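Put chain B on the given structure of chain L with help from the hints.
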Amino acid sequence: MSHEVTLPFLGEDASDIATVSQWLVQEGDTVEEGDDLVEMTTDKAAFNVPCPVAGTVVEILALEGEEVKAGGLLCILQ
Amino acid sequence: MGSPFPDWIKQQWASGENSEFTKSIVSRLGLHTVCQSARCPNQGECWKRRTATFMILGNVCTRNCAFCSVKSGRPEALDPDEPARVAEAVRELGIKHAVITSVTRDDLPDGGAAHFARTVEAVRAANPGTTVEVLVPDFLGDEAPVRTVLASVPEVFGHNIETVERLYDALRRRKITFRDALRVLETAAAHHSGSIVKSALMVGHGEEPAEVRATLRDLLAAGCEAVAIGQYLRPTPKQRRVTAFVPPEQFKEYEVLAYQLGFKFAIAGPFVRSSYRSEELLQHLNPVRTDT
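Chain order of the listed sequences is L and B. Mapping of the first sequence onto the numbering used here: residues 17 to 94, in sequence order. Mapping of the second sequence onto the numbering used here: residues 393 to 684, in sequence order.
Isolated chain B, as found in the complex:
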């Protein structure tokens, strides 16, 4: 019996004492993680290092992107206690660089932006010295919610462009345009108080390298300073098939190209994700906060 994957698509199944410890904290505090909801293949590696990427605003998304296995449908009411519990999980796990993402909440007037900002503030208050990275939804391209999140001054502000312009309708089901997604980054670049602006995309959906290059240029023009590129992997049969397994060498080329184009930080590889080893970005650049 062979594997339908190329030999470089191989990760560790999440197991062992540290992984179980991470899992028990997430579970006990009633938190959601994108690691679990999106079935991230890096869960084994990251949870063993006692880090996880928290997914706030509930675990039901108002979108249904073709590449994502997060539950889609009618979302739950916001839990006002969630920021405090995320802060507690960061404390118990000893996380030094906390990454917080969310589902999309088109049903909320501010898209959940205030709750996001409260979560950043709670994490910071309970964990002095811990840096915070947010990976936000597109807020339908609105400026005000982006500025609400920026006001909590996360060290890193991320919004993932996800794919190239040509594939936007197919992958994002016409809920948001490529240009509106770029607008989130433009707004962040124009209004931040020192946050590093970051984005990420998947390859393997049939995009051409020229399209990836064009997207990198678009991200830079929008004010993006850091980028991550990873291989799309199909979470369940409900999501679209993988069009191509991009070889590791191509990822290296993208990474070199990104630096040549002017990104301050770029990371590319089959298992790279926006949140993957995200503390490495700040290790390369100056953070907002210099106190430890």
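The shape of chain L in the complex, shown without the other chains:
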């Protein structure tokens, strides 16, 4: 069953946007819930986005350097 990992909403106005700084996993990796998947940066700080469910990284959709809005797709897990 595939699971779309999206960048969670933080704020009241859903204007959050972050840049993919560095993927910490690659396609094919097995991941557990809570593992750090990707480092994102905002104006304010750098953040790690944790893995929401255990599985395998099937496809990375947001590439390093890309901006992702809250709700935007980061990767697909199986």
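A hint or two may mislead.
Within a straight-line C-alpha distance of at most 30 Å, the following computed DSSO-like cross-link-like pairs (lysine-lysine) qualify [said to hold, decoys possible]: (1) Lys488/B to Lys567/B; (2) Lys85/L to Lys567/B; (3) Lys440/B to Lys85/L; (4) Lys644/B to Lys440/B; (5) Lys85/L to Lys630/B; (6) Lys85/L to Lys463/B; (7) Lys463/B to Lys488/B; (8) Lys630/B to Lys488/B; (9) Lys440/B to Lys567/B; (10) Lys402/B to Lys463/B; (11) Lys440/B to Lys488/B; (12) Lys630/B to Lys440/B.
Residues from chain L that face chain B, not an exhaustive set, calculated with beta carbons under 7 Å [to be verified]: (13) Lys60; (14) Ala62; (15) Phe63; (16) Val65.
Rather than coming from a laboratory, the hints here were simulated on the basis of the structure. Please read all numbers here as calculations on a predicted model, not as lab measurements. Glycine included, every Cβ here is placed at the ideal spot set by N, Cα and C.
For chain B alone, kept in the frame of chain L given last:
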């Protein structure tokens, strides 16, 4: 692609079941949080622990400080229902140490002080045993609003000095002076009924360690007992740039120094904020209320 931040500036993005739970309660009750409005980097960590710092008096501030991303402009009318909803959120989240801050409301005769006091009272009434911390604006240095808030007897009364004296005009845009901000703490120290007096400042705006030391001494002289020091992080491009990323070791030095100078409680670190893990202060000191 690298990160423009030093490696110690790394937090968790707010996600997961507990974080979503916190978010749903805040949203459903129509509340504002400084976590969201100021884009606090600790949101992930705190919301996962089902705690948030509520921001009352609306979400529009009558100031426009150079370091803060809270919406600035003409504020909304006060919502008389807000205290009850904050109390309800504290109850649903099971918060044991509630922290309440606000925007600045220079448009209100009392700066919102009565509404603040009602919020403390509502939280306490709905949550016996929960301690309450307030982080108030400067009320333009006036004594009466401070005393109004103190009358609700929060366990902790905080007003953030924010920065050193030399940078005051630049950061606070001449709306308030360093001395008037200290006056809030002096008033609190002189008139409280057992509340612990607390302040906090940011570093990373170009202040010298000697200036931070002087500020700590000024806070103590004003009657401040607890202090928190954190790294300024630029919320959006509209706020001023970070002048320096102060290394973790320097924060440790500030913390040690604060205790040496006589603070009863001090915490310093890049992600430390006034509200961050604020229950730790009371775990170290005697609270006003001893009943649980």
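These are the hints, each one checked on the structure:
| no. | hint | in the structure |
| --- | --- | --- |
| 1 | Lys488/B to Lys567/B | violated (35 Å) |
| 2 | Lys85/L to Lys567/B | violated (35 Å) |
| 3 | Lys440/B to Lys85/L | holds (21 Å) |
| 4 | Lys644/B to Lys440/B | holds (26 Å) |
| 5 | Lys85/L to Lys630/B | holds (19 Å) |
| 6 | Lys85/L to Lys463/B | holds (20 Å) |
| 7 | Lys463/B to Lys488/B | holds (29 Å) |
| 8 | Lys630/B to Lys488/B | violated (35 Å) |
| 9 | Lys440/B to Lys567/B | violated (36 Å) |
| 10 | Lys402/B to Lys463/B | holds (25 Å) |
| 11 | Lys440/B to Lys488/B | holds (15 Å) |
| 12 | Lys630/B to Lys440/B | holds (29 Å) |
| 13 | Lys60 | holds (5 Å) |
| 14 | Ala62 | holds (5 Å) |
| 15 | Phe63 | holds (4 Å) |
| 16 | Val65 | holds (5 Å) |
When the structure is compared with the earlier hints, violations turn up for hints 1, 2, 8 and 9 and for no others.
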